[in-house]
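Undergrad: If you want the building blocks of each chain, they are given just below.
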Amino acid sequence: MKRKEKTKKAVQVAIVGGGIIGTLTARELSRYELDVLLLEKEAEVGWGTTKANSGIVHAGIHEDPGTLKARYCFPGNQMFPKLCAELDVSFRQNGILVVALSPEEMDMVHMYYQRGLERGVPVRLLSREEVVAQEPNLNPEVVGAVFAPEGGAVMPFELAAAAMENAVANGAELMVDSPVLDAWVEDGKKYLETPTHIVEADVVINAAGLFADEIARMFGDDSFSILPRKGEEYLFDLELSGLVKSTIFPVPRSKVSKGVLVISTADGNVMIGPTSDDVEDKDDVATSYSGFERIFSETRQLVPGLDPRKIITQFAGVRAASDRGDFVIEFSATVPGLLHLAGIESPGLTAAPAIAADVPKMLEEHGLRLVPKRDFQPRREGVVRFRELSREEQDELIRKNPAFGRMVCRCETVTEAEIVDAIRRGARTLDGVKFRTRAGAGRCQSGFCQPVIMEILSRELGIPVEQVSKRGAGTEPVHYKAKELLAKGVS
Amino acid sequence: MRELLVDVAVIGGGPAGLAAALAAYKAGAGEVLIIERNHELGGILQQCIHHGFGLHRFKAELTGPEYAQRFINELQETEIRVLLETMVLEVTKERDIYAVNSREGMLKIKAKAIVLAMGCRERTRGALRIPGKRPAGIFSAGTAQRYINIDGYIPGRKAVILGSGDIGLIMARRLTLEGAKVEAVVEVLPYAAGLARNVVQCLEDFDIPLYLQSTVIEIHGDERLEAVTIAQVDETWKPIQGTEQRIECDTLLLSVGLIPENELSSGAGVELDPITNGPKVDDTLMTSIPGVFACGNVLHVHDLVDNVSKEAERAGGFAAHYALGQLSTPVKRVKVEAGENIRYVVPHMISLDKPVEFFLRVQRPQEDVLLDVGGLRQVKKPSVRPSEMLNITLTPEVLRKLEGDTLRVRIVSPEEVGADA
Amino acid sequence: MLKHITCTVCPLSCEITLEIGENNEILSLTGNKCARGKVYATKEHTAPERTLTTTVRIMGGVHPLLPVRTDQPIPKPKLREAMLATADLVVQAPVKMGDVIVENFLGLGVNLIASRDLDRAQ
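Chains as they are written, first to last, in this note's numbering: chain A, 1 to 491; chain B, 1001 to 1421; chain C, 2001 to 2122.
Excised from the complex, chain A in its bound form (with noise of 0.2 angstroms):
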């Protein structure tokens, strides 16, 4: 389509990127009588660095004093409990366990302790034998460790998920397909273009986690640069659920990363990785022999008993870290109006939500004026797990919901009810259905499940199980009907 053909469309703040900061901060400008219209280039929010994101909410001990990261993460961490229960989201606070296996280690452990206690984190240094009484399985080998009470496990995707639900439920706008192919300035106005439309803007946000350099580079900034990081990870069967009770953090040895851990997960698995390899292509994904030997030797050094023939999948994500070390949270220099919330990488999902809080601030000092919406609604209702109720609770949904009876995912329990509900919350693939509702997560990975979550998504959307895709357009699983490739003669 023509830049000229495109649909005109204007707005007083266009954020770009749907990951966890732009689904968030959508969500802070949707409690303001404002115009916030949120460009999202996958099939759905929260595809990019999100949703490959290790989950973990950080308990504020590991960031360097003075950064962006160490003023947003503890007050971040705080937030979690709050803005969980609001979206109706699992947050699962089970602790930070960062492990000393020599006594170097342990003078770096006397370090975190200190930070933590001077932060006002929450911290308790334990002995070898407190860690071994409270995490049975961990190395027998460990001298001691710093214990972070409030750190915990979130599902990133799903949080952004809900996050750019209740977002849209308070009147903010999705636009999802929609890349930024170019932007500029004319008039003292801000211009996207999307492959649809030309999007005029007062404010824009640059939340585009990977691309946020390019979008900056497009209106002519080029303060900064990404650095692309990718990082492996390794989940296990759900059946080694009670192997750590807590995620489990060696030592760092690098000044870049805080090192490979042992995860448990909001969901109860347990998950080894990240990697942390810097990559030239931004969406290299690729997960790797080399990744799974170096996760693999150095997380059985803090749990022995990690079994590979247990790991159900792997995925890779890459960070979006940029060339400063830090985030950039700040207006352009040379742009005005254009915010940056860019190089989010870790503790960037712990710290989301602080800095979503800051954003209407900043707008205010910008000069925006934001009138607080009287009906604004916080909560998130209405999600149903139905795998956490009891049978009587369960038997009590399927006579009022039939399709409550349907069982669809079995390793994960998920029944047609919850997975026409998350198609109606915005799930339009089959990896939106999953990481809304685990369907197809499981120790089967869809084998089972597939064809009949197809079925369901080609039946809501109206679509024919040929169109039903992964995760957008070029995904679909399926290519023919029956007979149709026989007769195009291929073979």
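These are calculated hints, taken from the structure and not from any lab test.
Everything numeric in this text was worked out from a predicted model, so none of it was measured.
Please note that the accuracy of each hint is not assured.
[What the hints assert, rightly or not] Here are the simulated DSSO-like cross-link-like pairs (lysine-lysine), alpha carbons at most 30 angstroms apart as the crow flies: (1) B/Lys1158 <-> A/Lys282; (2) B/Lys1181 <-> A/Lys488; (3) C/Lys2076 <-> B/Lys1181; (4) B/Lys1133 <-> A/Lys310; (5) C/Lys2003 <-> B/Lys1381; (6) A/Lys481 <-> B/Lys1158; (7) C/Lys2078 <-> B/Lys1059; (8) C/Lys2078 <-> A/Lys481; (9) B/Lys1158 <-> A/Lys488; (10) A/Lys255 <-> B/Lys1133; (11) A/Lys282 <-> A/Lys255; (12) C/Lys2076 <-> B/Lys1158; (13) C/Lys2096 <-> B/Lys1380; (14) A/Lys310 <-> B/Lys1026; (15) C/Lys2038 <-> B/Lys1381; (16) C/Lys2043 <-> A/Lys488; (17) A/Lys481 <-> C/Lys2033; (18) B/Lys1238 <-> A/Lys310; (19) B/Lys1133 <-> A/Lys481; (20) B/Lys1181 <-> A/Lys481; (21) B/Lys1059 <-> C/Lys2043; (22) B/Lys1026 <-> C/Lys2096; (23) C/Lys2038 <-> B/Lys1059; (24) A/Lys310 <-> B/Lys1335; (25) C/Lys2003 <-> B/Lys1181; (26) B/Lys1381 <-> C/Lys2096; (27) B/Lys1133 <-> A/Lys282; (28) A/Lys400 <-> B/Lys1110; (29) C/Lys2096 <-> B/Lys1310; (30) C/Lys2033 <-> B/Lys1181; (31) C/Lys2078 <-> B/Lys1381; (32) A/Lys245 <-> B/Lys1093; (33) C/Lys2076 <-> A/Lys488.
Add chains B and C to chain A, keeping to what the hints say.
TA: Only chains B and C this time, still in chain A's reference frame:
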């Protein structure tokens, strides 16, 4: 919550469940119930539309649906109850079953005896950790088979198949017959894992290359599969540098192993054998939980459905006896041990007062050996392979001659045979 | 010219070697451990046959496809033609196992029959 009281509850209405239910019924159990998650009986057989089933049992080469139909037809003449579209969520050690369906909600089924017949699931890409991104176009062979034979969709037009077990071979033919091009079947062993007849009729018939001692080491493609890289492997299955080969394709089928589906079993506290991934059973096919029996692929992965039916009839019959209070605890129990070159033997424990059919697999291929069962019986085997299950029946007369508390099953090598001869 | 055939009659899977003459006739046959192997290999060389199992479209049934089979083997070279012939077939539910879907399929004197009962959808 609706409560049902039954004598024998069979979980799964595939070949194992069907045979077990019929046997329980014929053995006199009053209320026999099959609980099946699908909207029809037959289990996996309904998607196995190829022929070759029932050679031993029916002296015919039936298709999967034909084999299932025989049992379904017989079932229709009985008073066996069937709950379709009903998913079992939990089995307790007190033999309570919680199951759901849309019509009745949550059902609590109290059973005097339970037969576990849930079958198995397929090993996934995630379990193999094949490097690469996560493009669409990768399927386990069974899921692809379901799309093609039941739902009516063909995943892609150019396929590579990893694994030359029967499922992989069958799917190579199926895809070709439906108009796709199968570029290669890749097998990590030095020989095809499936039946020779399938190698002929599924690969040779269609000139599909078979790469032995090879595996897929990388997946290419972002949104859709574009190609795979295969490489040869050494004896430890590690890729050999320099042997890489890229094969363009849009579909990858994984036929890399079946895993008995025992989540319900372990939830109930049934003790599992880590080698078979199925329950440990005695010669009545009872698990470590009294009154809970297991048969078919949930117990151990079978090659022949005829054996599944045989095993299931045994389990169903004993389940009925148990429900009727007729199953007595044996006086003496003997442990069955997997000896030299035996990967596993089922059952794990026997009494000496009933005939027993042992099902077993060897650890590695060997030629001209003897299968030795506790020193009581020896059978010559010209060739043994892990992918071909062996079976051997011993009568109580023979079993009673056993000395000691352990019955050791082993493969006697040619050298030893020569020495004994 | 030598031709190698793996016999598939029994699990022994004997490797049979045929010596083929100028007119494609069998000059010699070795490697079989029983008479059935000789019969098999001879047939495989002179007139190989295969049972076709596939699906055809079915309307009004509980499934969109009906599994079918030829009730006798058909000549192996006819497989592709047979598949193309099934591509356009459409059957009506209900169907019983054994129902003849196509009589004298491809004029080969075999029938294409239903492999199962397939009921009408509710």
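Undergrad: Now, for every hint given, state plainly whether the structure supports it.
TA: Status of each hint after checking the structure:
1. B/Lys1158 <-> A/Lys282: 29 angstroms, holds
2. B/Lys1181 <-> A/Lys488: Holds. B/Lys1181 to A/Lys488 sits at ~13 angstroms (cutoff 30 angstroms).
3. C/Lys2076 <-> B/Lys1181: 18 angstroms, holds
4. B/Lys1133 <-> A/Lys310: Distance of about 20 angstroms is within 30 angstroms: holds.
5. C/Lys2003 <-> B/Lys1381: 28 angstroms, holds
6. A/Lys481 <-> B/Lys1158: 15 angstroms, holds
7. C/Lys2078 <-> B/Lys1059: Measuring from Cα to Cα gives roughly 27 angstroms; hence the hint holds.
8. C/Lys2078 <-> A/Lys481: 24 angstroms, holds
9. B/Lys1158 <-> A/Lys488: 14 angstroms, holds
10. A/Lys255 <-> B/Lys1133: At roughly 28 angstroms apart (the allowed maximum being 30 angstroms), B/Lys1133 and A/Lys255 satisfy the hint.
11. A/Lys282 <-> A/Lys255: Cα-Cα ~22 angstroms, so holds.
12. C/Lys2076 <-> B/Lys1158: Holds, at about 23 angstroms.
13. C/Lys2096 <-> B/Lys1380: At roughly 45 angstroms apart (the allowed maximum being 30 angstroms), B/Lys1380 and C/Lys2096 break the hint.
14. A/Lys310 <-> B/Lys1026: Distance ~41 angstroms between A/Lys310 and B/Lys1026 Cα, so the pair is violated.
15. C/Lys2038 <-> B/Lys1381: Holds, at about 23 angstroms.
16. C/Lys2043 <-> A/Lys488: With a Cα-Cα distance of about 33 angstroms, the restraint between C/Lys2043 and A/Lys488 is violated, given a limit of 30 angstroms.
17. A/Lys481 <-> C/Lys2033: Violated, at about 46 angstroms.
18. B/Lys1238 <-> A/Lys310: 19 angstroms, holds
19. B/Lys1133 <-> A/Lys481: 26 angstroms, holds
20. B/Lys1181 <-> A/Lys481: Answer holds: B/Lys1181 to A/Lys481 is near 16 angstroms, not above 30 angstroms.
21. B/Lys1059 <-> C/Lys2043: 21 angstroms, holds
22. B/Lys1026 <-> C/Lys2096: OK: B/Lys1026 and C/Lys2096 at ~26 angstroms, within 30 angstroms.
23. C/Lys2038 <-> B/Lys1059: 21 angstroms, holds
24. A/Lys310 <-> B/Lys1335: At roughly 29 angstroms apart (the allowed maximum being 30 angstroms), B/Lys1335 and A/Lys310 satisfy the hint.
25. C/Lys2003 <-> B/Lys1181: Given that 30 angstroms is the threshold and the Cα spacing comes to 26 angstroms, the pair holds.
26. B/Lys1381 <-> C/Lys2096: 43 angstroms, violated
27. B/Lys1133 <-> A/Lys282: 13 angstroms, holds
28. A/Lys400 <-> B/Lys1110: Holds - the C-alpha atoms of B/Lys1110 and A/Lys400 are around 25 angstroms apart, at most 30 angstroms.
29. C/Lys2096 <-> B/Lys1310: Holds, because 26 angstroms separates the two Cα atoms, which is no more than 30 angstroms.
30. C/Lys2033 <-> B/Lys1181: 36 angstroms, violated
31. C/Lys2078 <-> B/Lys1381: 39 angstroms, violated
32. A/Lys245 <-> B/Lys1093: Given pair A/Lys245, B/Lys1093 holds - Cα atoms ~27 angstroms apart, limit 30 angstroms.
33. C/Lys2076 <-> A/Lys488: Roughly 22 angstroms separates the two Cα atoms, so the pair holds.
Going through the hint list in order, the structure does not satisfy hints 13, 14, 16, 17, 26, 30 and 31.
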